[in-house]
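Engineer: Below are the chains, spelled out letter by letter.
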Amino acid sequence: MRFPLRFLILLSILLSALLAFRPAGAAQEIRVAAAADLKFALDELGAGYEKQTGKKIDVSYGSSGNFLAQIQNGAPFDVFLSADIEYPRKLEAAGLAEPGTLYEYALGRIVIWMPADTRIDLAKLDWKALLDPSIQKIAIGNPEHAPYGRAAVAALRSAGIYEQVRAKLVYGENIAQAAQFVASGNAQAGILALSLAISPPMREGKRWEIPANTHPPIEQAAVILKSAKDKDGARAFLTFLKSAEARKILESYGFSVPVPGRTSAQTQ
Amino acid sequence: MNIEALLLSIRLALCVSAILFVIGVPLGYWLAYSRWRGKFLLEAIVALPLVLPPTVLGFYMLVAMGPRGALGKLWYAAFGHGLAFTFAGLVIASVLYSLPFAVQPLVASFETVDRKLLDASAVLGAGSMRTFSRIILPLSVPGIITALVLSFAHTLGEFGVVLMVGGNLAGVTRTVSIDIYDRAQSLDYAGASRTALLLLVISFVVLSTVYGVNRRAGRRAWAQWPLK
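Here the protein sequences line up with chains Y and U, keeping their order. All residue numbers for the first sequence refer to my numbering, where the first residue is 1 and numbers rise by one. All residue numbers for the second sequence refer to my numbering, where the first residue is 1001 and numbers rise by one.
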C-alpha cells in the first residue's frame, strides 16, 4: 500500500507549514526587545501597561548589542529598550527607528555587592573593601561592550584603585552573568547593577552604592522601530513608560529616572 | 585578529584531547566489552553533554567549582584559590563537555573488532592486556584518530561552557570563540569575521586531514577483510 505513506508525507508537510506560518503571538501583543537589567522591572511595567490599555507586552531579554545586530537584520520587534543609548542612536542614524521616538527612560546605578556571609564590613570600608586580601576575584561586566562594565571600570579609576584591583577582575558577558559569578561564590565581590542587587535572589547580600559622579551616566533608552507592526501600541507603551506610574516602578527597581526633556537636550 | 586567543584555544584543545585519550581508552574499552547489566546507565551519563545545553553544563560546572561545590572545595584545599576563571578550570570543564566526542568513536571501533580474533588471541595464550595492545588497538586506529580529532575540534569551537566558567581573561580564559563573540558584541563585525574565517580554515584543514587519513586506514582494514 503506497497511499498511506504518501498521505502521511503530505500531511506532515501541511502540518509543518501550518506550524511555520502560525502568527507569532496575538496581534494584541507589543513585542519588546529589552536589556537584561530590566528583567524584574518589566514584569511590573508590563502589568501596569496591560491594566491601562488591555494590551500585553511580549518581552525578549538579551544583550543590547545582540538586539542591535538582530534588528538590523529584520528581527520582528516593536520597541527596543537598550541598556546603552548608543544602540538606539545607531538605529536612528541608520533609519531603522521611528524618528523622534528615542526616549531615555532611566539611568543605571551601580553597587559593590558581596555575598551575605562575607566578613568584610562593606558599609564602613566602601571602596577599600575591594582591596581586602580575601577578595581574590571581582566580577564586572565586560567593559568592551557591556555598559555596566564600562561604568565599573570608570568608577574604579576615579576611586584610584583600578591598577590595584585590575588583576582580580573577571568579566561577565553581561551584567547578569557578572552577578552570577559572585552569587555562586566564584568571585568574592562584584560591581553590579543596583537593579540586580535588589532583585529577590540577591537582595540578602551586602551592597554599597557607588556615587553616580564617579562614572559616566549609564543611559538607558527606548526607541520604536520602523518595522514595528503595531506602531500605535508601541507609542502607547512609550507614553506609559513616561508616566509617573512607570517612573515610580523603575525607581523602585533600582534605576534613577531622568527629568523629562533635560537629558535628551543634554545628550543631543 | 587575536593570535593570543587562537593559541590559547589550540593549547586548551591539545590538553583536552590528551586527557580525553587517557580517560577515553580504558572507559571505551570497558563500555565496549563489559557485560555489566547497569552499563547503559554509564553510557547515558557519557552521552549527556551531547544533549545538555553548554550553558547549563557550564552553569553546573561554575557551581561545582565554587567554594560550596565539591570540586571547588577540593581545589581550594589543594591550591588555595578557586578553579573558575583559571586555565585548569577550563580544561576540566572542557574534558566533561567533549567526553562523548572521544568515548563514542572509541566504543564504536572497539565493538567492531571481530570477536573471533579476540578468541584466537586468547586461545594462543595472550592475556587481555596483550590482546588489547596487539589486536584491538591496532585495528581501532581510525576510531582513535576520530576520537582525538573530534575532541580537539569540539574543544576548539567550544563557547558556552567557556563563557560560563571562564571570566574572559586575556591569555588565560579568553578563547578564540569568546574573542569572536566579544568583537561581534562590540559591533566589530569585520574583526569577528576575520578571526572566524581563520578558525573555519583551521577546522576544515584538521577535519579533512582526518577524513583523508581515515579513508586510507579504512582501506587497509578492508584489505584484511577475507582474513576474518
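Just so you know, the hints here were simulated from the structure itself, not pulled from any lab data. There may be inaccurate statements among the hints.
Below, computed lysine to aspartate or glutamate pairings styled on EDC-like, alpha-carbon distance capped at 20 Å [unchecked claim]:
id, chain 1, residue 1, chain 2, residue 2
1, Y, 90, U, 1188
2, U, 1039, U, 1111
3, Y, 39, Y, 245
4, Y, 55, Y, 43
5, Y, 128, Y, 245
6, U, 1073, Y, 117
Engineer: Go through the numbered hints given earlier and state which of them the structure violates, listing their numbers in rising order.
Structural biologist: 5
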